[in-house]
Amino acid sequence: MSSIQVRPATLRDAKAIAQIHTASALEAYRGLVPDDQLKAMSSVEKRQAYWREAIEYCEPQVQVAIDGDKIVGFVGFDRSRDEKSRQTTGEIWAIYAAPTHWNQGVGVALWDAARDGLLEEGCTNVTAWIPLRNERALRFHEMAGFKREMSTAKTAVIGSIKIEEVRVKRPLNA
Numbered sequence: 001m002s003s004i005q006v007r008p009a010t011l012r013d014a015k016a017i018a019q020i021h022t023a024s025a026l027e028a029y030r031g032l033v034p035d036d037q038l039k040a041m042s043s044v045e046k047r048q049a050y051w052r053e054a055i056e057y058c059e060p061q062v063q064v065a066i067d068g069d070k071i072v073g074f075v076g077f078d079r080s081r082d083e084k085s086r087q088t089t090g091e092i093w094a095i096y097a098a099p100t101h102w103n104q105g106v107g108v109a110l111w112d113a114a115r116d117g118l119l120e121e122g123c124t125n126v127t128a129w130i131p132l133r134n135e136r137a138l139r140f141h142e143m144a145g146f147k148r149e150m151s152t153a154k155t156a157v158i159g160s161i162k163i164e165e166v167r168v169k170r171p172l173n174a
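Using full-length UniProt numbering, you'd call the opening residue of the sequence shown number 1 and step up by one each time.
Think of the hints as simulated: they come from the structure by calculation, not from any bench.
A couple of the hints might just be wrong.
Said to hold, decoys possible - Below, in silico cross-link-like pairs of lysine-lysine (BS3-like), each with a Cα-Cα straight-line distance of 27 Å or less:
hint, residue 1, residue 2
1, K46, K70
2, K162, K147
3, K154, K84
4, K46, K162
5, K46, K154
6, K39, K162
7, K84, K39
8, K84, K15
Claimed, not checked - Okay, the calculated beta carbon distance ranges per label pair:
hint, residue 1, residue 2, range
9, Q5, L119, 13 to 21 Å
10, Q37, T124, 33 to 41 Å
11, T155, R12, 16 to 24 Å
12, E164, A49, 24 to 32 Å
13, D36, T124, 17 to 25 Å
14, E45, N173, 15 to 23 Å
15, S151, S3, 37 to 45 Å
16, P171, Q37, 15 to 23 Å
Note that beta-carbon positions come from the ideal geometry of N, C-alpha and C, so glycine has one too.
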């Protein structure tokens, strides 16, 4: 039985979210992105400002996973940002668990919360953009029922880093 609880994020959670985002990204992209570029991505302060704003304006909606009294993961979700997507298409903007809590049900709890939130918003499908070389993230999404849309593969620029991404998609009611 998992002790993971999920609740809406508050402004006080922004620093913990930024720390998890940074730590998880550094661990996930080690070996995929050159170390100097990885270091450039590791500003907790910039991420904290981003997540504070997201929480304040609910764009995206942000929920946190709690184990005991500690935040161990987060998810950001909302309507799809993709041009030409239907109004009923949602998107997982970000889903991260602290590396210390990988493979412990945090991602599943966050995905369940995001799915429920998107269904409440009237969404019928959900997408996410995943770096092609991030096998852990691709496996997680595929286990959650997402299918790769290889025709969507594109190069995303994050700061000075170029990453090949692919969109994954699934119906919400399945």
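Review point. So which of the earlier hints does this model not fit?
Key: Violated hints (numbers, rising): 7, 8, 11, 13, 14, 16; every other hint is consistent with the structure.
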